[in-house]
Amino acid sequence: MIAETKAPEATHSVMDAPEQPTTRRSAPAISARRLHHTFPGRDGRPMLAVNDVSLEIPYGQFVSVIGPSGCGKTTVLNLIAGLERIQSGTLSVLGEPARAGRPEISVAFARDALLAWRDAADNVALALEMQGVAKAERRERAVEMLKVVGLGDYAHAYRGQLSQGMRQRVALARSLVTRPKLLLLDEPFAALDSQTRVLVQGELLRLLDAQAEPVTTLMVTHDLAEAIALSDVIILMSRRPGTIRQVYRVDIPRPRDAVALRANHHFHELHEQIWQTLAKEVQGA
Amino acid sequence: MSTVNEFVDHEAIAPPARRGAWRAAWRSPVAIRLLIIAVILGAWQLSAAMHWVDPLFTSRPTQVASSLWKIVPTSQMVKDVGYTLAEVAIGYTIGVALGVIVGFVLGTSKLMRDACQPVLNALNSVPRIALVPLFVAWFGLGMTPRVVMAVTVVVFVMVTAMVTALSQPDRDSAMLARSLGASRWQTLVKFQLPRATPVIVSGLELSLIYAFLGVIAAEIVSGSNGLGSRMTEYANLFQAGNFFAVLVVLTAITTLLTVGIRRVERRLLRWHEFEADS
Numbered sequence: 001m002i003a004e005t006k007a008p009e010a011t012h013s014v015m016d017a018p019e020q021p022t023t024r025r026s027a028p029a030i031s032a033r034r035l036h037h038t039f040p041g042r043d044g045r046p047m048l049a050v051n052d053v054s055l056e057i058p059y060g061q062f063v064s065v066i067g068p069s070g071c072g073k074t075t076v077l078n079l080i081a082g083l084e085r086i087q088s089g090t091l092s093v094l095g096e097p098a099r100a101g102r103p104e105i106s107v108a109f110a111r112d113a114l115l116a117w118r119d120a121a122d123n124v125a126l127a128l129e130m131q132g133v134a135k136a137e138r139r140e141r142a143v144e145m146l147k148v149v150g151l152g153d154y155a156h157a158y159r160g161q162l163s164q165g166m167r168q169r170v171a172l173a174r175s176l177v178t179r180p181k182l183l184l185l186d187e188p189f190a191a192l193d194s195q196t197r198v199l200v201q202g203e204l205l206r207l208l209d210a211q212a213e214p215v216t217t218l219m220v221t222h223d224l225a226e227a228i229a230l231s232d233v234i235i236l237m238s239r240r241p242g243t244i245r246q247v248y249r250v251d252i253p254r255p256r257d258a259v260a261l262r263a264n265h266h267f268h269e270l271h272e273q274i275w276q277t278l279a280k281e282v283q284g285a
Numbered sequence: 001m002s003t004v005n006e007f008v009d010h011e012a013i014a015p016p017a018r019r020g021a022w023r024a025a026w027r028s029p030v031a032i033r034l035l036i037i038a039v040i041l042g043a044w045q046l047s048a049a050m051h052w053v054d055p056l057f058t059s060r061p062t063q064v065a066s067s068l069w070k071i072v073p074t075s076q077m078v079k080d081v082g083y084t085l086a087e088v089a090i091g092y093t094i095g096v097a098l099g100v101i102v103g104f105v106l107g108t109s110k111l112m113r114d115a116c117q118p119v120l121n122a123l124n125s126v127p128r129i130a131l132v133p134l135f136v137a138w139f140g141l142g143m144t145p146r147v148v149m150a151v152t153v154v155v156f157v158m159v160t161a162m163v164t165a166l167s168q169p170d171r172d173s174a175m176l177a178r179s180l181g182a183s184r185w186q187t188l189v190k191f192q193l194p195r196a197t198p199v200i201v202s203g204l205e206l207s208l209i210y211a212f213l214g215v216i217a218a219e220i221v222s223g224s225n226g227l228g229s230r231m232t233e234y235a236n237l238f239q240a241g242n243f244f245a246v247l248v249v250l251t252a253i254t255t256l257l258t259v260g261i262r263r264v265e266r267r268l269l270r271w272h273e274f275e276a277d278s
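As given, the protein sequences belong to chains E and R, one line each in that order.
Oh and the first sequence: position 96 is 96 in the numbering used here, straight run, nothing missing.
Oh and the second sequence: position 117 is 117 in the numbering used here, straight run, nothing missing.
By construction, these hints were calculated from the structure, which means they are not laboratory data.
For clarity, every value in this text was computed on a predicted model and none was experimentally measured.
Warning: the hint list may mix true and false statements.
[Unchecked claim] Every beta carbon over 12 Å from chain R, so not counted as near; a handful from chain E, in silico:
#  : residue
1  : R33
2  : G82
3  : L83
4  : P103
5  : V107
6  : A108
7  : R111
8  : A136
9  : E140
10 : D153
11 : T178
12 : D186
13 : L199
14 : A225
15 : E269
[Said to hold, decoys possible] Stretches of chain R that chain E covers, calculated by requiring three or more beta carbons in the stretch to come under 8 Å of a beta carbon on chain E:
#  : stretch
16 : 48–56
17 : 189–195
[As the list claims (entries may be wrong)] Label-pair restraints from in silico Cβ distances:
#  : chain 1 : residue 1 : chain 2 : residue 2 : range
18 : E       : S54       : R       : R178      : 21 to 31 Å
19 : R       : P118      : E       : L199      : 27 to 37 Å
20 : R       : V264      : E       : A136      : 25 to 35 Å
21 : E       : M47       : R       : R178      : 42 to 52 Å
22 : E       : G150      : R       : R178      : 45 to 55 Å
23 : R       : A43       : E       : D193      : 35 to 45 Å
24 : E       : A27       : R       : P118      : 29 to 39 Å
25 : R       : S109      : E       : H156      : 35 to 45 Å
26 : R       : A89       : E       : A136      : 38 to 48 Å
27 : R       : R178      : E       : D43       : 39 to 49 Å
28 : E       : M47       : R       : V126      : 39 to 49 Å
29 : E       : H156      : R       : V264      : 15 to 25 Å
30 : E       : G132      : R       : K79       : 28 to 38 Å
31 : R       : S109      : E       : M47       : 23 to 33 Å
For glycine and all other residues, C-beta sits at the position ideal for the given N, C-alpha and C.
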């Protein structure tokens with residue numbers, strides 16, 4: 001991780017990232033085969049949440065998983081994050097079995113999960129702290145990252161003093177400050193009002209485009225417009241028990257502007273097309 | 001404000017700024033508080049003056065004030081206060097230490113909680129004051145039975161606070177801790193303990209009040225030193241004025257200590273106030 005910090009300043013957008021010459025890079029960033037996952041149900045009977053999910057995500061891509069609530073999409077993400085134990089199937093993440101707490105992987109949750117007793121900068125620094133980065137350096141990098149997400153003036157603010165949108169941006173800064181290779185986002189904008197949501201999405205697009213090394217991102221969402229705006233590929237999951245229903249490619253060039261995008265006719269075509277299938281799943285037809 | 005009011009010449013009645021200031025003063029919490037206290041003391045004084053109650057037993061505020069004036073500067077009072085405070089300090093320290101240790105074990109282990117909680121609940125429902133004669137038989141008439149009494153009360157207050165503080169479920173930060181690769185120790189020190197601090201601190205505050213409660217209760221029942229014993233003595237001598245004067249001293253001490261703890265608490269837990277506001 002320390003060596004990574006000296007990466008060249010050159011910026012690539014996720015789409016036109018050059019193929020990495022190393023052999024490691026030719027394997028997918030995430031490769032899941034036949035994942036099944038069962039939870040103990042409320043009535044005592046086991047409930048199948050994830051049903052035979054296989055997927056491959058190449059390095060540097062932004063992939064969204066979308067589907068009706070309770071379709072198991074968060075479970076898939078938690079499996080990849082190593083936060084849920086694999087019951088059946090195989091899963092390789094950045095060339096290793098899934099495991100929680102790897103420094104090159106960042107997870108952001110639907111709720112910001114900021115620690116109320118730390119100010120914004122120390123919340124961002126928390127991720128570095130767990131990786132053993134020295135105190136002065138982590139505070140400095142955290143403040144730097146806060147500036148990037150537009151909260152440079154709020155380094156000393158506590159959670160209780162920040163708006164919902166600001167908290168989510170701090171959480172985003174916390175997941176990006178470690179310069180992860182893989183970013184796992186679980187409905188990271190769900191708690192935001194629709195206008196703030198579009199703004200923070202734009203922020204994320206800008207941030208990912210500005211990373212020295214392309215970041216592979218897997219985002220779980222139930223917001224179709226959000227999925228289209230951010231992703232290269234959208235995976236549509238069925239109702240519970242969740243299985244992959246359809247995969248869509250989003251051919252909107254980068255860099256994208258999250259606000260202007262909403263006026264793009266291709267955006268609307270895709271939205272219409274995916275919505276047809278999604279609506280069926282939501283309604284249970 | 002009705003529209004009619006706008007045609008009334010306020011200046012003619014009273015300068016508006018002053019009127020506003022008066023109204024603000026009357027609406028302040030302090031003014032209302034003082035008013036309530038004044039009404040209660042007034043009713044007390046009046047009842048005694050009119051002989052609705054017998055002042056021999058109830059005393060009256062003016063008499064309590066003069067008793068205070070008389071007994072506070074005496075060496076007996078200084079000795080009693082010192083004695084009681086020493087018992088409270090020892091009982092509080094031991095009780096808190098024990099409570100923190102037991103509460104930590106129960107708060108962090110669901111198994112231990114499930115195993116021990118029913119026993120603790122049963123023990124806690126024992127009327128402790130009834131045990132004082134037994135404590136006296138065991139430990140004599142000195143400080144020890146009072147200290148033991150305080151410990152038996154404080155321990156449970158502190159265990160309850162620790163268990164409440166540490167066992168509150170927080171899935172969000174638990175997931176965050178795991179995803180950041182926090183060790184068990186880091187999870188405890190960086191996530192669980194800071195989050196538990198406000199509840200633990202309010203447990204410390206409550207424990208202080210209960211330490212006084214335990215000590216005074218034991219003093220009233222046994223022995224001849226300390227504020228509680230003094231109250232028993234005055235009650236037996238039908239000196240209600242002196243009795244209430246001691247009570248006032250006691251209340252003043254506990255209030256001062258509690259306010260002190262709150263001050264420290266507010267300093268340490270600035271973030272907690274922001275949370276409450278948001």
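Now for the hints, and whether the structure bears them out:
Interface exclusion of R33(E) from chain R stands, the closest Cβ pair being 23 Å apart, more than 12 Å. With a least beta-carbon separation of about 8 Å from chain R, G82(E) fails to lie farther than 12 Å from that chain, contradicting its non-interface assignment. The Cβ of L83(E) does not lie farther than 12 Å from every Cβ of chain R; its closest approach is about 6 Å, which violates its non-interface assignment. P103(E), annotated as away from the interface, has a beta carbon of chain R within 12 Å; the closest lies near 7 Å.
At roughly 4 Å from the closest C-beta of chain R, the C-beta of V107(E) falls inside 12 Å, breaking its exclusion from the interface. With a minimum CB-CB distance of about 9 Å to chain R, A108(E) fails to clear the 12 Å threshold, and the non-interface call is violated. Distance check for R111(E) against chain R: the nearest CB is about 5 Å away, which does not clear 12 Å, and the non-interface claim fails. No beta-carbon of chain R is positioned within 12 Å of the beta-carbon of A136(E); the least distance is around 18 Å.
The non-interface label for E140(E) is consistent with chain R: the shortest C-beta to C-beta separation is roughly 19 Å, beyond 12 Å. The beta carbon of D153(E) sits about 16 Å from the closest Cβ of chain R, which is more than 12 Å, so the claim that it is off the interface holds. Not every CB of chain R lies more than 12 Å from the CB of T178(E), the least distance being 9 Å, so the non-interface label is violated. For D186(E), the non-interface assignment is contradicted: its Cβ lies about 9 Å from the closest Cβ of chain R, within the 12 Å cut-off.
Distance check on L199(E): its Cβ is at least 21 Å (rounded) from any Cβ of chain R, clearing the 12 Å threshold; non-interface status holds. Every CB of chain R lies more than 12 Å from the CB of A225(E), the least distance being 26 Å, so the non-interface label holds. No beta-carbon of chain R is positioned within 12 Å of the beta-carbon of E269(E); the least distance is around 36 Å. For the stretch 48–56 of chain R, the stated coverage by chain E is violated: 0 residues have a C-beta nearer than 8 Å to a C-beta of that chain, whereas at least 3 were required.
Coverage of the stretch 189–195 of chain R by chain E holds in this model, with 4 residues showing a Cβ closer than 8 Å to a Cβ of that chain against a need of three. Range check, S54(E) to R178(R): about 25 Å between beta-carbon atoms, so the 21 to 31 Å window is met. For P118(R) and L199(E), the Cβ-Cβ distance of about 53 Å falls outside the hinted range of 27 to 37 Å, so the restraint is violated. At roughly 29 Å, the beta carbons of V264(R) and A136(E) sit within the given window of 25 to 35 Å.
A beta carbon spacing of about 23 Å between M47(E) and R178(R) contradicts the range 42 to 52 Å that was offered as a hint. At about 29 Å, the CB distance of G150(E) to R178(R) disagrees with the hint of 45 to 55 Å. Between A43(R) and D193(E) the Cβ separation comes to about 55 Å, which falls outside the hinted range of 35 to 45 Å. Taking 29 to 39 Å as the suggested C-beta distance range, the pair A27(E) and P118(R) does not conform, at roughly 55 Å.
In this structure the supplied range 35 to 45 Å holds for S109(R) paired with H156(E), their Cβ-Cβ distance being about 37 Å. For A89(R) and A136(E), the Cβ-Cβ distance of about 41 Å falls inside the hinted range of 38 to 48 Å, so the restraint holds. For R178(R) paired with D43(E), a C-beta distance near 28 Å fails the hint of 39 to 49 Å. At roughly 46 Å, the beta-carbon separation of M47(E) and V126(R) lies within the given 39 to 49 Å, and the hint holds.
Our hint of 15 to 25 Å for H156(E) and V264(R) holds, since their Cβ atoms are close to 22 Å apart. Restraint check, G132(E) to K79(R): a C-beta distance of roughly 57 Å breaks the suggested window 28 to 38 Å. At roughly 29 Å, the beta-carbon separation of S109(R) and M47(E) lies within the given 23 to 33 Å, and the hint holds.
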